[in-house]
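K.L.:
Top line first, the protein sequences correspond to chains X and S.
Quick note: the first sequence uses this note's numbering, first residue 1, plus one each step.
Quick note: the second sequence uses this note's numbering, first residue 1, plus one each step.
A hint or two may mislead.
To be verified - Sample of chain X residues facing chain S (criterion: CB under 10 Å; computed from the structure): (1) G97; (2) D191; (3) R192; (4) R233; (5) L238; (6) A239; (7) A245; (8) E246; (9) V252; (10) P294.
Stated by the list, open to error - Distance condition first, Cα-Cα at most 25 Å in a straight line; then the derived DMTMM-like pairs of lysine to aspartate or glutamate: (11) S:K75 / X:E242; (12) S:K109 / X:E166; (13) S:K113 / S:E72; (14) S:K183 / S:D230; (15) S:K3 / X:D243; (16) S:K3 / S:E72; (17) S:K105 / X:E166; (18) S:K75 / S:E23; (19) S:K172 / S:E28; (20) S:K313 / S:D349; (21) X:K13 / S:D89; (22) S:K26 / S:E57; (23) S:K114 / X:E166; (24) S:K109 / S:E143; (25) S:K63 / S:D189; (26) S:K63 / X:D251; (27) S:K425 / S:D403; (28) S:K477 / S:E356; (29) S:K105 / X:D243; (30) S:K228 / S:D403; (31) S:K75 / X:D251; (32) S:K75 / X:E166; (33) X:K13 / S:E356; (34) S:K419 / X:E242; (35) S:K85 / X:D243; (36) X:K13 / S:D189; (37) S:K85 / X:E166; (38) S:K465 / X:E242; (39) X:K13 / S:D130; (40) S:K427 / S:D349.
In short, the hints are calculated from the structure, not lab data.
Beta carbons are placed, not taken as given, at the ideal position from N, Cα and C, and that holds for glycine.
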Amino acid sequence: MQSLYIRKFLTNKIRWLYVFSGGLVLCTALFALLISSVQVPVSTILHIIMDKTFSMGWLNDIARNEEMIIWNIRLPRVILAFCVGASLALAGAAFQGLLRNPLADPYTIGVSSGAALGAVVVLFFQITIIGFGSFTLPVVSIIGGFAALLVVFGLVRLSSRSLSIETLILAGIIVSAFIGAVVSLIISLSDRDSMTQIIYWLYGSVGMRGWSHIQLILPFMVIGTIILFYHYRELNALALGEDAAENIGVDVRRGKTFILIGASLLTGAAVAVSGSIGFVGLVIPHLVRLVTGPNHRHVLPISMLVGGAFLILADLLSRTIIAPKELPIGVITALIGSPVFALLLIRERIGRRG
Amino acid sequence: MIKLNGLSGGYTQPPTVNGLDLEINKGEFFTLLGPNGSGKTTLFKLITGQLPISEGEVYIDGKNLATLSNIEKAKLMAVLTQENKVAFDYTVEEIVSLGRYPHQKGIFKNLTKKDLAVIEEVMELTNISDFRKTPFRRMSGGEKQRVLLAKALAQEPEILLLDEPTNHLDIKHIFQMLDLLKKRQENFDLTVFAILHDLNIASLYADRIAFLHNGSILEVGDVGILRKEDKLKMVYDVELKSRAHPTLPKPQLIMTPDYSVSRTMDFSKSYRIKQTEEYIHVEFNQHLRTISNGVIGEGIQWLKHFCNFHVSKDYNSSEPKEDLQSWMTKHSIPPEQAVGMMTAVELEDAVFLEEEIEGIPMMAVVTAGTGNAVDITNELNRGVIQTVGTINIFLFINAHFSDGALVNGIISATEAKVKALQDLKIKDIHSNTIATGTSTDAILLGLTQQGEKTPYAGSGTTVGKGIGQIVYRATKKAIKKYLHRVYEGNWRQ
């Protein structure tokens with residue numbers, strides 16, 4: 001009887017967590033839409049969104065500039081922040097599970113460096129691929145990310161038969177370090193203007209991107225998310241170690257490859273549209289695991305929601321703290337993330353002792 | 001259930017497992033023995049498919065391993081190893097649930113009612129239900145192993161592969177775990193294929209055993225093959241003796257290290273005797289190899305205290321062992337290192353005889369009473385009488401006897417005792433024939449185990465003769481003292 005009661009309570013707790021994180025996303029989104037130099041009432045915001053989404057043509061009584069601000073500037077920014085945060089947190093949770101290392105994050109295996117290099121190259125050479133326009137940067141960036149993933153895979157293949165975790169981490173570090181050096185080289189060779197541009201891009205931002213970037217990230221995000229959600233049981237099984245996972249029937253090689261691809265899709269796309277925003281992918285899964293427990297069935301979706309909400313909030317702070325100037329969002333995530341992380345660590349240690 | 005045909009594989013050259021044939025039957029507990037590096041774990045990995053097979057085939061339940069998918073394999077067999085590291089703070093229940101992986105179906109792969117029931121059952125069985133919400137990492141080694149066993153059983157396998165699963169467990173948890181497995185094996189017809197390191201544990205639990213030597217099977221058979229000391233010596237390169245388990249019909253192996261402490265003692269200075277009205281206590285400064293039928297210290301042992309306690313004529317206790325233990329403790333004699341006997345004879349009349357016969361120093365202590373003298377060949381059965389009159393013989397010899405020689409020594413001493421009774425014409429009062437002993441005689445042989453080892457100590461050997469002479473003389477003297485006391489007493493009355 002008691003165990004049944006406890007189980008019921010727990011499933012309820014998990015359900016409440018989903019409700020809470022969903023609510024968190026909505027609240028932060030609304031908050032971010034509301035707060036800015038131009039104040040638009042909540043009812044108007046909702047009106048515009050509802051109307052635009054379902055295209056009902058009731059917009060006559062709303063000022064054209066309000067509509068423009070909400071629909072073309074703030075909403076895409078909020079949605080992009082959500083997508084990037086969700087992607088990074090989900091990828092982080094998956095990498096931590098896959099590499100069985102709580103210190104892993106989406107940037108561990110070098111995909112993000114590849115994406116960054118692609119972007120930096122575009123900024124440095126001022127390349128514009130015909131037909132893509134301002135879209136050139138994210139596209140090249142995604143290509144760069146995939147190139148890096150292939151190099152990492154190639155290195156692992158050549159040096160270890162079994163796609164072992166250690167080799168994977170090492171190959172990731174090697175590739176990241178090399179690409180990092182190339183990026184530094186490019187920065188030091190560039191003139192003042194593109195240097196500022198590059199450094200700002202590297203810090204990361206979700207502002208001034210518009211709907212096109214959302215269109216770009218969305219397919220990768222959907223595919224990556226489906227792949228990862230489908231493999232949550234494999235991620236759980238991998239916690240036992242690869243041999244043990246194999247013994248309970250997991251096709252470890254296949255599982256690992258899919259998880260790597262899924263998480264890399266998410267990371268590459270997120271970096272391509274927003275730059276390297278740190279800390280989301282590291283801290284959020286940790287935080288979520290503390291509440292939900294380590295079962296990836298819940299860690300993955302809740303990390304996504306919380307990660308998205310967190311980045312919306314970080315973006316809001318980055319553009320309001322020293323308004324009208326903007327802070328790089330990576331600075332905010334690190335400024336919030338580090339102390340939270342430290343607190344969590346301390347709390348966990350104390351809890352364990354008790 | 002498992003059939004290996006000329007199996008070879010492993011990364012070394014020549015392959016770690018080399019042309020191995022083996023068949024394991026359904027429902028048996030099969031144990032693979034062999035030293036580190038003999039290929040046991042490699043063989044396991046070939047069977048689970050973690051290492052590629054370079055030659056030969058593995059058949060599981062009649063199906064070729066190469067044709068089975070991971071899921072199909074996991075439904076047939078589960079593996080339990082000594083590894084128990086788990087990343088993140090999964091709870092016990094979550095770990096056990098992972099065992100249902102091969103059985104989960106559908107897109108969402110949720111745990112069904114059946115899954116939950118199986119999980120519940122195996123947790124109950126392994127006694128971990130109370131820890132279901134405890135993080136796995138916080139549990140002790142023995143508990144962790146039980147959780148992983150539960151996970152393996154949750155796979156509902158037909159075969160359980162155990163790779164030294166009890167390696168870092170203490171004996172309590174080893175026996176707990178193996179008892180549980182044995183029960184499961186018998187009740188569910190589970191086939192258990194285990195690598196065990198401890199030969200004695202293997203002997204207690206295995207139905208059949210194989211020795212793996214340099215990647216192939218040296219010997220297969222029931223636990224009786226553990227009696228083949230030469231094969232074991234070949235496999236392990238350690239001096240081993242196979243001995244019987246005291247209560248089970250299974251061999252147990254006794255290992256002898258290469259190093260040895262040199263034992264030299266001056267026989268006549270190596271013991272002290274204390275004699276009071278209550279008891280005689282002979283204490284040696286080193287342990288002696290003993291054979292005895294004493295109330296305490298029976299069988300073959302290594303002991304250093306030898307006691308004979310006086311009891312009254314009508315002493316009749318249902319717990320003589322406990323009595324002796326408490327008396328010994330009272331006199332600061334450790335019962336676990338002692339031989340203890342009792343007698344109603346006055347201890348004053350004990351005979352102490354130290355002699356060197358044919359260059360072998362010996363010492364005998366005999367107390368004798370013949371009130372219960374019995375001719376063992378007499379058909380009349382009068383039941384056991386627990387009253388006065390017992391011949392207790394302690395004989396200490398400065399020699400080195402094999403176990404067989406110890407038995408020889410007992411025979412020699414008994415023959416000498418019979419002869420003494422004969423020469424003194426002690427009669428069985430019921431049959432009026434010459435007695436061969438009394439109804440409750442006890443004997444102890446204590447050997448210093450110095451010098452060259454003797455395999456025989458019968459009447460055809462010097463030492464056997466020596467035993468005969470000293471026991472004969474001491475017994476005769478003791479009986480005379482007894483008779484003297486009895487007749488003198490009668491005369492006084």
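K.L.:
Hint validation: X:V252 versus chain S, beta carbon distance must be below 10 Å. Holds or violated?
P.N.:
holds, 8 Å
K.L.:
Using 10 Å as the Cβ threshold, decide whether X:R192 counts as touching chain S.
P.N.:
Status violated, d = 47 Å.
K.L.:
Within a Cα-Cα threshold of 25 Å, do S:K105 and X:E166 meet the stated pairing?
P.N.:
Not satisfied, since the Cα-Cα distance of roughly 32 Å exceeds 25 Å.
K.L.:
CA of S:K75 to CA of X:D251, is that 25 Å or under?
P.N.:
holds, 14 Å
K.L.:
Just to be careful, I want the Cα atoms of S:K63 and S:D189 compared with a cutoff of 25 Å; is the pair within it?
P.N.:
holds, 19 Å
K.L.:
Verify the proposed pairing of S:K477 with S:E356, using a straight-line Cα cut of 25 Å.
P.N.:
Distance ~18 Å between S:K477 and S:E356 Cα, so the pair holds.
K.L.:
Does the structure keep S:K105 and X:D243 at a Cα separation of 25 Å or less?
P.N.:
holds, 22 Å
K.L.:
Mind checking the alpha carbons of S:K26 and S:E57 for me, to see if they're no more than 25 Å apart?
P.N.:
Given pair S:K26, S:E57 holds - Cα atoms ~18 Å apart, limit 25 Å.
K.L.:
Starting from S:K183, check that the Cα of S:D230 is at most 25 Å away, please.
P.N.:
violated, 33 Å
K.L.:
For the pair supplied as a hint, X:K13 and S:D189, confirm whether the alpha-carbon distance does not exceed 25 Å.
P.N.:
This hinted pair is violated, its Cα atoms lying about 41 Å apart.
K.L.:
Between S:K427 and S:D349, does the CA-CA distance stay at or below 25 Å?
P.N.:
holds, 21 Å
K.L.:
Within 25 Å, alpha carbon to alpha carbon, are S:K109 and S:E143?
P.N.:
This hinted pair is violated, its Cα atoms lying about 28 Å apart.
In summary, the structure is inconsistent with hints 2, 3, 12, 14, 17, 23, 24, 27, 32, 33, 34, 36 and 38 from the numbered list given earlier, while agreeing with the others.
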